[in-house]
Amino acid sequence: MRSVVVTGLGAISPLGLDVPQTWAALREGRSGIGPITCMSTERLQVKIAAEVHGFEPERVLDPKQIPFMDRFTQLAVSAAGEALLDSGLELDRDVAARTATILGTSIGGQLAQDENYQRLYEQGARRLHPFVVSRVMPSASASHVSIRYGITGPSFCVTSACASAGHAIAQALAMLRAGLIDVAVTGGSEACLTLGGFKTWEALRVLTADTCRPFSRDRSGLVLGEGAAVLVLEGRDHAHARGAKIYAELLGAGASADADRVIQSSAEGGAAAMRAALADARVESTRVDYVNAHGTGTAGNDPTETESIHQALGPQAKRACVSSTKSMHGHLLGAAGAIEALATVLAIRDSMIPPTIHFTEAGEGCDLDYVPNQARAREIDVALSNSFAFGGLNSVLAFGRAD
Amino acid sequence: MSEDSVAKRVIDVIARHTFEQREIGLDDTVEALKIDSLAMAEIMFDLEEEFDIVIEFNVNRPDEDENFRFATVREAVQRIEELAAQPSATRAAEGSLTS
Numbered sequence: 001m002r003s004v005v006v007t008g009l010g011a012i013s014p015l016g017l018d019v020p021q022t023w024a025a026l027r028e029g030r031s032g033i034g035p036i037t038c039m040s041t042e043r044l045q046v047k048i049a050a051e052v053h054g055f056e057p058e059r060v061l062d063p064k065q066i067p068f069m070d071r072f073t074q075l076a077v078s079a080a081g082e083a084l085l086d087s088g089l090e091l092d093r094d095v096a097a098r099t100a101t102i103l104g105t106s107i108g109g110q111l112a113q114d115e116n117y118q119r120l121y122e123q124g125a126r127r128l129h130p131f132v133v134s135r136v137m138p139s140a141s142a143s144h145v146s147i148r149y150g151i152t153g154p155s156f157c158v159t160s161a162c163a164s165a166g167h168a169i170a171q172a173l174a175m176l177r178a179g180l181i182d183v184a185v186t187g188g189s190e191a192c193l194t195l196g197g198f199k200t201w202e203a204l205r206v207l208t209a210d211t212c213r214p215f216s217r218d219r220s221g222l223v224l225g226e227g228a229a230v231l232v233l234e235g236r237d238h239a240h241a242r243g244a245k246i247y248a249e250l251l252g253a254g255a256s257a258d259a260d261r262v263i264q265s266s267a268e269g270g271a272a273a274m275r276a277a278l279a280d281a282r283v284e285s286t287r288v289d290y291v292n293a294h295g296t297g298t299a300g301n302d303p304t305e306t307e308s309i310h311q312a313l314g315p316q317a318k319r320a321c322v323s324s325t326k327s328m329h330g331h332l333l334g335a336a337g338a339i340e341a342l343a344t345v346l347a348i349r350d351s352m353i354p355p356t357i358h359f360t361e362a363g364e365g366c367d368l369d370y371v372p373n374q375a376r377a378r379e380i381d382v383a384l385s386n387s388f389a390f391g392g393l394n395s396v397l398a399f400g401r402a403d
Numbered sequence: 404m405s406e407d408s409v410a411k412r413v414i415d416v417i418a419r420h421t422f423e424q425r426e427i428g429l430d431d432t433v434e435a436l437k438i439d440s441l442a443m444a445e446i447m448f449d450l451e452e453e454f455d456i457v458i459e460f461n462v463n464r465p466d467e468d469e470n471f472r473f474a475t476v477r478e479a480v481q482r483i484e485e486l487a488a489q490p491s492a493t494r495a496a497e498g499s500l501t502s
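Heads up: the protein sequence lines correspond to chains A and B, in order. Residues 1 to 403, numbered by our numbering, are exactly what the first sequence covers, in order. Residues 404 to 502, numbered by our numbering, are exactly what the second sequence covers, in order.
So that you can see chain A by itself, here it is in the shape it has in the complex (with noise of 0.2 Å):
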């Protein structure tokens, strides 16, 4: 079977404007969580998220092209940007029309949308601008990624809540291994920071007002955030013939429906996710050095994901590290399985788990070793990056060293 490979990296997070600094503080372990600051919090009852900050779309974007963008679009376009830069392809004809643009959104052009009913509902519009239906389509940024680059492969979006850019990778994957396409630009995006949005998830009651603490007894929810990352993938034919730098390889993917409860997961559909993407990868549960956990803070996810991840690994559960970057970066919604990704491939690149921050003491069965609060320098031979969506879709990536 067609080995795939990780050729370039992009990110635009709360944790920084690209990859080099968004692993920084991983590394470091820093929170890009704090008070909002891009919209009044005067009707909200949690005041804190975890934003992008200084990000300048004019700067990176043609300024042509900017009114047909939502934020979700103009991140994903800049996050692409930076990683197609950093696997040095050259996207001539040929290339272009073998490349895929594969991304992941939950909600897709939320600010968008937001705006604009409230100037016809709340201001009595008469009319709107031209170019909302192509700013809020979820399908925008895959559109404007293959604008921007000119990539004429097979392009789309994925959604399935939390797990889409885990989906969306899976689906490149698959595509790779099939010999539909040779590279493809894949993760995802999402920019659901708006009043409405907002509003959505605090009436869900699981939003945090002190911050996010996975895995931790006084864990108090999540924290939403915002941002983009982007994984150009390729067949390793296709890297080496060219002499391409490769991250890591992904292994395998797995995914899962739990057919069971809408809002809370069951373990048993994460661990089916989590074997079947070792199945695929054609690995034993023994070579897994690192999950990173989908983690995001809740009463309901830490300790059902636990117990999923005792279920899949067996034995090999106590002795793998166990960390959920969430605690830094946020909840990115439909972006969550990219900016995850980015980290557990670069853990595996620098032999160095990122760790769960905010962490105080273990929760009610959460008996496994989270990397509180420090980075832990670990060879990784395989590791394994969990997303488990609302709706019971889940989605696991295998990865595992270049050579």
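To be clear, the hints were calculated from the coordinates, so they are not data collected in a lab. In this text, a Cβ means the ideal position worked out from N, Cα and C, and glycines have one as well. Some hints could be false.
Quick list of in silico lysine-lysine cross-link-like pairs, DSBU-like style, CA-CA up to 35 Å [claimed, not checked]:
no.	chain 1	residue 1	chain 2	residue 2
1	A	K245	A	K47
2	A	K245	A	K64
3	A	K199	A	K245
4	A	K47	B	K437
5	A	K318	B	K411
6	A	K47	A	K199
7	A	K64	B	K411
Some, not all, of what chain B presents toward chain A, calculated at C-beta under 10 Å [as the list claims (entries may be wrong)]:
no.	residue
8	S440
9	R464
10	D468
Since the structure of chain A is provided, determine the placement of chain B on it from the hints.
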């Protein structure tokens, strides 16, 4: 508003989220009414809307003191009466949260 009317309104809200067909009394418990966590989330939302109040509840910290809790319908009525009796200025400021 009289106490009876608060009780009746609370019972009407709870009745919408329980599958129990019988009449609901003040001494009925959450368990007896088979109210699960999702039903509870909807009950709190409906109570906020019905009484124009803000109910503090984080599902991740169900046992925290500041969290809205009740074991019986009578307790729910009492808590709602307390919240509804808060100074109107506070409620006006917080009330916009739920609108």
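Evaluation of the provided hints:
| no. | hint | in the structure |
| --- | --- | --- |
| 1 | A/K245 / A/K47 | violated (42 Å) |
| 2 | A/K245 / A/K64 | holds (34 Å) |
| 3 | A/K199 / A/K245 | violated (44 Å) |
| 4 | A/K47 / B/K437 | holds (34 Å) |
| 5 | A/K318 / B/K411 | violated (53 Å) |
| 6 | A/K47 / A/K199 | holds (11 Å) |
| 7 | A/K64 / B/K411 | violated (60 Å) |
| 8 | S440 | holds (8 Å) |
| 9 | R464 | holds (5 Å) |
| 10 | D468 | violated (13 Å) |
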